[in-house]
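> As you go down the protein sequences, you meet chains A and B in turn.
Here the first sequence is numbered in my numbering, starting from 1 and rising by one per residue.
Here the second sequence is numbered in my numbering, starting from 1001 and rising by one per residue.
Source of the hints: derived by calculation from the structure; they are not laboratory data.
Certain hints may be false.
As the list claims (entries may be wrong) - Pairwise CB distance ranges, derived in the manner of DEER restraints:
#1 A:62 <-> B:1052: 37 to 43 Å
#2 B:1100 <-> A:70: 27 to 33 Å
#3 A:9 <-> B:1014: 43 to 49 Å
Said to hold, decoys possible - For the chain A half of the interface with chain B, some residues (derived, Cβ under 8 Å), not all of them:
#4 42
#5 48
#6 54
#7 68
#8 69
#9 90
#10 99
#11 103
Said to hold, decoys possible - Every beta carbon over 12 Å from chain B, so not counted as near; a handful from chain A, in silico:
#12 15
#13 17
#14 61
#15 79
#16 96
#17 112
Just so we're clear, the structure is a prediction, and the values are computed from it rather than from any experiment.
Glycine included, C-beta positions come from ideal geometry on N, C-alpha and C.
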Amino acid sequence: AQSVTQLGSHVSVSEGALVLLRCNYSSSVPPYLFWYVQYPNQGLQLLLKYTTGATLVKGINGFEAEFKKSETSFHLTKPSAHMSDAAEYFCAVRGGATNKLIFGTGTLLAVQP
Amino acid sequence: GAGVSQTPSNKVTEKGKYVELRCDPISGHTALYWYRQSLGQGPEFLIYFQGTGAADDSGLPNDRFFAVRPEGSVSTLKIQRTERGDSAVYLCASSLSGDAAYEQYFGPGTRLTVT
């Protein structure tokens, strides 16, 4: 079975500071991993994904994530936070052949001026 | 192009009533998913359609929940005898088949409130 754990339901950073959002996964098969962002009253938007190949994946808005099999992690980072990054972020793993997604509980990112 | 659309955006109903939630996927997307997002939680899978058929309905919580996709495009999620615990945001997502099947595009959701 597949599952995702996001450490830290709330993260606060200063504008210009490093953003690090943590995600650990459990999967009985080679994982496909995703980060989604959800702005208030909007749907989920795909930030980036890992399927196979290069373990460092780059996404939209300057975000990137690194797949580390030995640590079963897929942490999301951005070198310099912007006020517009304030949103909720969800890590997800593919839940099997049907491609259904198994989501974590989310991390709410606040960016302080 | 147009994204996934869902109607209504908000629905308030009384306990015990029947509701229908509609999803219009991206044109050409053969796969369609329904998820439910309760307050403070991540989305939880409900049901997956490939074409007209429900290929995986393992996430439906009980037999009060049912979904259809009769022509392989628009889908309707139906909830009978609603309960206060059904209050949540219901999300729909669609994707292509084949190599891009895992990349899902989400609609804005329908916020259901059962009073």
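> Now, for every hint given, state plainly whether the structure supports it.
Now for the hints, and whether the structure bears them out:
no.: 1; hint: A:62 <-> B:1052: 37 to 43 Å; in the structure: 41 Å, holds
no.: 2; hint: B:1100 <-> A:70: 27 to 33 Å; in the structure: 29 Å, holds
no.: 3; hint: A:9 <-> B:1014: 43 to 49 Å; in the structure: 32 Å, violated
no.: 4; hint: 42; in the structure: 6 Å, holds
no.: 5; hint: 48; in the structure: 11 Å, violated
no.: 6; hint: 54; in the structure: 17 Å, violated
no.: 7; hint: 68; in the structure: 20 Å, violated
no.: 8; hint: 69; in the structure: 18 Å, violated
no.: 9; hint: 90; in the structure: 5 Å, holds
no.: 10; hint: 99; in the structure: 5 Å, holds
no.: 11; hint: 103; in the structure: 3 Å, holds
no.: 12; hint: 15; in the structure: 26 Å, holds
no.: 13; hint: 17; in the structure: 25 Å, holds
no.: 14; hint: 61; in the structure: 17 Å, holds
no.: 15; hint: 79; in the structure: 25 Å, holds
no.: 16; hint: 96; in the structure: 8 Å, violated
no.: 17; hint: 112; in the structure: 22 Å, holds
When the structure is compared with the earlier hints, violations turn up for hints 3, 5, 6, 7, 8, 16 and for no others.
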